[in-house]
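Below are the chains, spelled out letter by letter.
There are 6 protein chains.
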Amino acid sequence: MADTWLPSLITATPQEGFELAITLSRRGVKYTQPDVDVLHKLRPEYANDHAALTAASQVVAINFQTVAAANNYWRG
Amino acid sequence: MADTWLPSLITATPQEGFELAITLSRRGVKYTQPDVDVLHKLRPEYANDHAALTAASQVVAINFQTVAAANNYWRG
Amino acid sequence: MADTWLPSLITATPQEGFELAITLSRRGVKYTQPDVDVLHKLRPEYANDHAALTAASQVVAINFQTVAAANNYWRG
Amino acid sequence: MADTWLPSLITATPQEGFELAITLSRRGVKYTQPDVDVLHKLRPEYANDHAALTAASQVVAINFQTVAAANNYWRG
Amino acid sequence: MADTWLPSLITATPQEGFELAITLSRRGVKYTQPDVDVLHKLRPEYANDHAALTAASQVVAINFQTVAAANNYWRG
Amino acid sequence: MADTWLPSLITATPQEGFELAITLSRRGVKYTQPDVDVLHKLRPEYANDHAALTAASQVVAINFQTVAAANNYWRG
Chain A
3 MADTWLPSLI TATPQEGFEL AITLSRRGVK YTQPDVDVLH KLRPEYANDH AALTAASQVV
63 AINFQTVAAA NNYWRG
Chain B
3 MADTWLPSLI TATPQEGFEL AITLSRRGVK YTQPDVDVLH KLRPEYANDH AALTAASQVV
63 AINFQTVAAA NNYWRG
Chain C
3 MADTWLPSLI TATPQEGFEL AITLSRRGVK YTQPDVDVLH KLRPEYANDH AALTAASQVV
63 AINFQTVAAA NNYWRG
Chain D
3 MADTWLPSLI TATPQEGFEL AITLSRRGVK YTQPDVDVLH KLRPEYANDH AALTAASQVV
63 AINFQTVAAA NNYWRG
Chain E
3 MADTWLPSLI TATPQEGFEL AITLSRRGVK YTQPDVDVLH KLRPEYANDH AALTAASQVV
63 AINFQTVAAA NNYWRG
Chain F
3 MADTWLPSLI TATPQEGFEL AITLSRRGVK YTQPDVDVLH KLRPEYANDH AALTAASQVV
63 AINFQTVAAA NNYWRG
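Residue numbers (this note's numbering), protein chains in the order written: chain A, 3 to 78; chain B, 3 to 78; chain C, 3 to 78; chain D, 3 to 78; chain E, 3 to 78; chain F, 3 to 78.
The set of hints was computed from the structure by calculation and includes no laboratory data. A couple of the hints might just be wrong.
Partial pick of chain C residues on the chain B-facing surface, computed with a CB cut under 7 Å [claimed, not checked]:
#, residue
1, I24
2, T25
3, G30
4, V38
5, Y48
6, A54
All residues carry an ideal CB built from backbone N, CA and C; glycine is no exception.
Please construct the entire structure, taking both the sequences and the accompanying hints into account.
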């Protein structure tokens, strides 16, 4: 992965920060399984399994903690 | 998802902050499975499974950490 | 849920803070499954399953982190 | 639970802090299942299941974060 | 493991920090199972299991919190 | 457990801190299951199960957050 996909943790709004947290969560998967075809094949069973959806939301929540702290919670 | 659903992490009270944590947890699911019909179909088995309910409460707890920190724990 | 159940994260003692963390954990469940009859029906299988009990304790631990930070760890 | 079991998060040493984290983890279980007989019955299957042991260690780790922060990591 | 594999938590960019988080996550596995042949044998079933991929991404997210905090979120 | 196994959270390097996090994770298991024979019997099935290895790495990651914070991330 030579491309730059994470130049900064700073975002303009909380919502963009949440979307960055989703990107981080997906990248965490892609580093382990870089084959996009495999990921696409796994998606249907994944997206229809409530336990999997909650687990995904948990990873996003953890990454959002990081992004939100980086942005001082967009307080200013 | 072009709409704005997260303009701020600041809330007036801890309880509103907890409810925002619930919104964040649900959004984490919806970004992975945006099809509302699928989510509705999953709901009954989900809401009757104690492990799933505890897992959901855990995601809320993680997001509440973020919201509470953003609000300086509503100390003032 | 129009009632006020979380007016503050501040408690007099660590133990009250731990009990507030338990309240937060249960509320996280109730927002997903508000039907008290269903929750009561789930309770016996839940309370006799060691994995479920550990998972519950984990959610309490996460919420206790939040409450403890809010109270500056009751240091003073 | 009218007794006082958590008067403070402050401990003299990191090791006592770790042991307090274990107490917190067990209390998180006991609030959900206060029947000591049930807990004793669950123990053998619990203590011989590696996934359960790892899950228990995880709850201890989370509670230890709280206790360690409360004690400023026993730095001084 | 006498070799030095973690001289510092400081990285030049967030992306390098994320990659360090992946290294930390893999090292966490290797300390428990140092036999590289076993790890290679486990990999195919692992990399094709969506729950395993999400769990891996969660460990990366937790380690990334540490690395990001160490680097003051690369704010400067 | 009368012996002293955790005199301090301070380590000279990040790598020693990571190894301390592994010690903490194992101690979290041993407090629940002190019988070393049982732990040895569980080890083979444990060390060959990818989900168990990831779960172990997650506990290490959580404990490493604590150790890294205690050491101010070995920043300088």
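Okay, the hints, checked on the actual structure:
1. I24: Hint violated; I24/C Cβ to chain B Cβ min 11 Å, cut 7 Å.
2. T25: Violated. Min distance 10 Å.
3. G30: Interface hint status for G30/C: holds (3 Å vs cutoff 7 Å).
4. V38: violated, 13 Å
5. Y48: Interface hint status for Y48/C: holds (4 Å vs cutoff 7 Å).
6. A54: holds, 6 Å
Figure legend: structure checked against the earlier numbered hints; hints not met, in rising order: 1, 2, 4.
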